[in-house]
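J.: Spelled out, the chains give:
Number of protein chains: 2
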Amino acid sequence: MTTYAEKAIDRLIDKIDKLSNPTALGLDTRVEYLPPSFDVEKDATKAIFDFNRALIDATCDIVPCVKVQSACYEMLGLAGMKIFRDTLLYARERGMITIADVKHNDIGATAEAYAAACFGPDAAFPADFVTINPYLGIDGVAPFLTRCELYGSGVFSLVRTSNKSAGDFQDLKIDGRRLYEIVGEKTAEWGKNLIGKHGYSSLGAVVGATWPDEGKKLRNTLSHTFFLVPGYGAQGASAKDLAGCFDEKGRGAVINASRSLLLAYKKRDTGDFAAATRDEAIRMRDEIRKEVNIKC
Amino acid sequence: MTTYAEKAIDRLIDKIDKLSNPTALGLDTRVEYLPPSFDVEKDATKAIFDFNRALIDATCDIVPCVKVQSACYEMLGLAGMKIFRDTLLYARERGMITIADVKHNDIGATAEAYAAACFGPDAAFPADFVTINPYLGIDGVAPFLTRCELYGSGVFSLVRTSNKSAGDFQDLKIDGRRLYEIVGEKTAEWGKNLIGKHGYSSLGAVVGATWPDEGKKLRNTLSHTFFLVPGYGAQGASAKDLAGCFDEKGRGAVINASRSLLLAYKKRDTGDFAAATRDEAIRMRDEIRKEVNIKC
Numbered sequence: 017m018t019t020y021a022e023k024a025i026d027r028l029i030d031k032i033d034k035l036s037n038p039t040a041l042g043l044d045t046r047v048e049y050l051p052p053s054f055d056v057e058k059d060a061t062k063a064i065f066d067f068n069r070a071l072i073d074a075t076c077d078i079v080p081c082v083k084v085q086s087a088c089y090e091m092l093g094l095a096g097m098k099i100f101r102d103t104l105l106y107a108r109e110r111g112m113i114t115i116a117d118v119k120h121n122d123i124g125a126t127a128e129a130y131a132a133a134c135f136g137p138d139a140a141f142p143a144d145f146v147t148i149n150p151y152l153g154i155d156g157v158a159p160f161l162t163r164c165e166l167y168g169s170g171v172f173s174l175v176r177t178s179n180k181s182a183g184d185f186q187d188l189k190i191d192g193r194r195l196y197e198i199v200g201e202k203t204a205e206w207g208k209n210l211i212g213k214h215g216y217s218s219l220g221a222v223v224g225a226t227w228p229d230e231g232k233k234l235r236n237t238l239s240h241t242f243f244l245v246p247g248y249g250a251q252g253a254s255a256k257d258l259a260g261c262f263d264e265k266g267r268g269a270v271i272n273a274s275r276s277l278l279l280a281y282k283k284r285d286t287g288d289f290a291a292a293t294r295d296e297a298i299r300m301r302d303e304i305r306k307e308v309n310i311k312c
Numbered sequence: 017m018t019t020y021a022e023k024a025i026d027r028l029i030d031k032i033d034k035l036s037n038p039t040a041l042g043l044d045t046r047v048e049y050l051p052p053s054f055d056v057e058k059d060a061t062k063a064i065f066d067f068n069r070a071l072i073d074a075t076c077d078i079v080p081c082v083k084v085q086s087a088c089y090e091m092l093g094l095a096g097m098k099i100f101r102d103t104l105l106y107a108r109e110r111g112m113i114t115i116a117d118v119k120h121n122d123i124g125a126t127a128e129a130y131a132a133a134c135f136g137p138d139a140a141f142p143a144d145f146v147t148i149n150p151y152l153g154i155d156g157v158a159p160f161l162t163r164c165e166l167y168g169s170g171v172f173s174l175v176r177t178s179n180k181s182a183g184d185f186q187d188l189k190i191d192g193r194r195l196y197e198i199v200g201e202k203t204a205e206w207g208k209n210l211i212g213k214h215g216y217s218s219l220g221a222v223v224g225a226t227w228p229d230e231g232k233k234l235r236n237t238l239s240h241t242f243f244l245v246p247g248y249g250a251q252g253a254s255a256k257d258l259a260g261c262f263d264e265k266g267r268g269a270v271i272n273a274s275r276s277l278l279l280a281y282k283k284r285d286t287g288d289f290a291a292a293t294r295d296e297a298i299r300m301r302d303e304i305r306k307e308v309n310i311k312c
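Chains A and B, in that order, are what the protein sequence lines are. Under this note's numbering, the first residue of the first sequence carries the number 17, and numbering increases by one thereafter. Under this note's numbering, the first residue of the second sequence carries the number 17, and numbering increases by one thereafter.
Just so you know, these hints were derived from the structure itself, not from any lab. Some clues are possibly wrong.
In this list, chains with the same sequence are indistinguishable; a pair is considered to hold if it fits within one copy or across any two.
Listed below are the simulated DSSO-like cross-link pairs for lysine-lysine, each with C-alpha atoms no more than 30 Å apart in a straight line [what the hints assert, rightly or not]:
(1) Lys233 x Lys62
(2) Lys282 x Lys233
(3) Lys282 x Lys265
(4) Lys180 x Lys98
(5) Lys202 x Lys233
(6) Lys232 x Lys256
(7) Lys202 x Lys232
(8) Lys189 x Lys283
(9) Lys232 x Lys31
(10) Lys265 x Lys98
(11) Lys283 x Lys31
(12) Lys62 x Lys34
(13) Lys306 x Lys62
(14) Lys282 x Lys189
(15) Lys208 x Lys189
(16) Lys58 x Lys311
(17) Lys58 x Lys208
(18) Lys62 x Lys98
(19) Lys232 x Lys311
(20) Lys282 x Lys213
Quick caveat, the model's predicted, so the values are computed rather than measured.
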């Protein structure tokens, strides 16, 4: 059994500080992303895992964190779920903080079962953090928080997503405030027992980089809520767009990039896909360092 | 490859009509639910599957539908995911309509991957319907709808959940209407291309039986939206509470019960757990028939 003396959010922030790099490698790997050198005909899931492992090896000394999205593994069935788990485990073995991007949401015993799947000594798909969807209210969040306290785990709850239609519901106006602002405030309230040594809670928020004004507004009001920020790179957001998600100390957010890192080899003539990902991870880190006041 | 000439919602309604029974067997099976006759020490997942199979065998001639919740399988790891799939496949083999209760929510290529996991000829976890969470707006729903058109699949999107804290966000008031009403209207709008021969769409809504007033209100406004109704039995809702979810023809909803069916053997002195579940399924059916105008 792995035991944690520390809160998940403290481990994440310490690791970010150590590497002066608030970014995550998003392993949303698909068979069609792999370079031609991989034999995908023979064993596609093995090929995907080998690719993931190579990218983890190539970046784990400079990138603090991985985010592994479950969908592209789930669509490959049991063999896919196996490499979902193996990828999470391998990244942890290499010292990275792991986020299982599962966006779970349910209630009572069912939410407890989802939490048990990722948190605790018997977790089938162990991760430092998971993502959840808050539409069901506190009933869907509380079982995760209980395990966060017990096992030093953490959660990122959707607040403002990065997609175009995020506003369909998230922008609806309630007494002058947007729904996502209210969801953000509730997230902060629910997470107040999980605030760690850096002043941030192990219950964080997903805030899309594609919405710079909304990100800045949330940063100003949610001073104890750490942000997981998708949308950088292939989804169109730049380092300028996400600068508002950070606090005055250069903390408060981890920026995820998936396709721009996974497919870096297509834009670089190195002949080595993992080296290309490392180069792109360094370029991304340096671009964000330039926009955000990060101690180096 | 299984091909469907019909829309998922038409298959579901035809089956409900045939059995005059608008109910679903909720297979949220946990090892602690199994009767002592099962050897859970030796192989817990095999025991759970054997239990599920026995309940499917005991009810498939009177209950039209199963709902299989993914969390309690996922927490058992790969062996659990295998019996999640096997349970869905076995229920389909026995002629039941299957709902994979996964509450997925994501965007773009990731939502497509979740849809591919359950819908289509290569689905790893094949089901007639899946549940989804609509917080991300149409971007998270559209990839499912595309596959619904292609493969005759269906979706139930969360609108009003059955839990106590459903109102945390779902009851927020926007220009005099509640958020869940707006989500319901959007769901109806998004599903209008999937309306089948009975006037209902293959994009349905989850509406908790524990909120009778809200259920009735939604039934009156969403005339083409079929409801998946959790909350009956162990969660506290009675047949009276859910009567408002049906239309004047006695159609428009399927009522799920999980624990009251899975654990029926604890309240019945038959010595046969599967017979106890069958008895409870008949009692539940007859109680609902009494409250709702269902042709027998």
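J.: Any of the earlier hints contradicted here, and which numbers?
T.: Hint check: 1, 2, 3, 4, 8, 10, 12, 13, 14, 16, 17, 20 fail, others pass.
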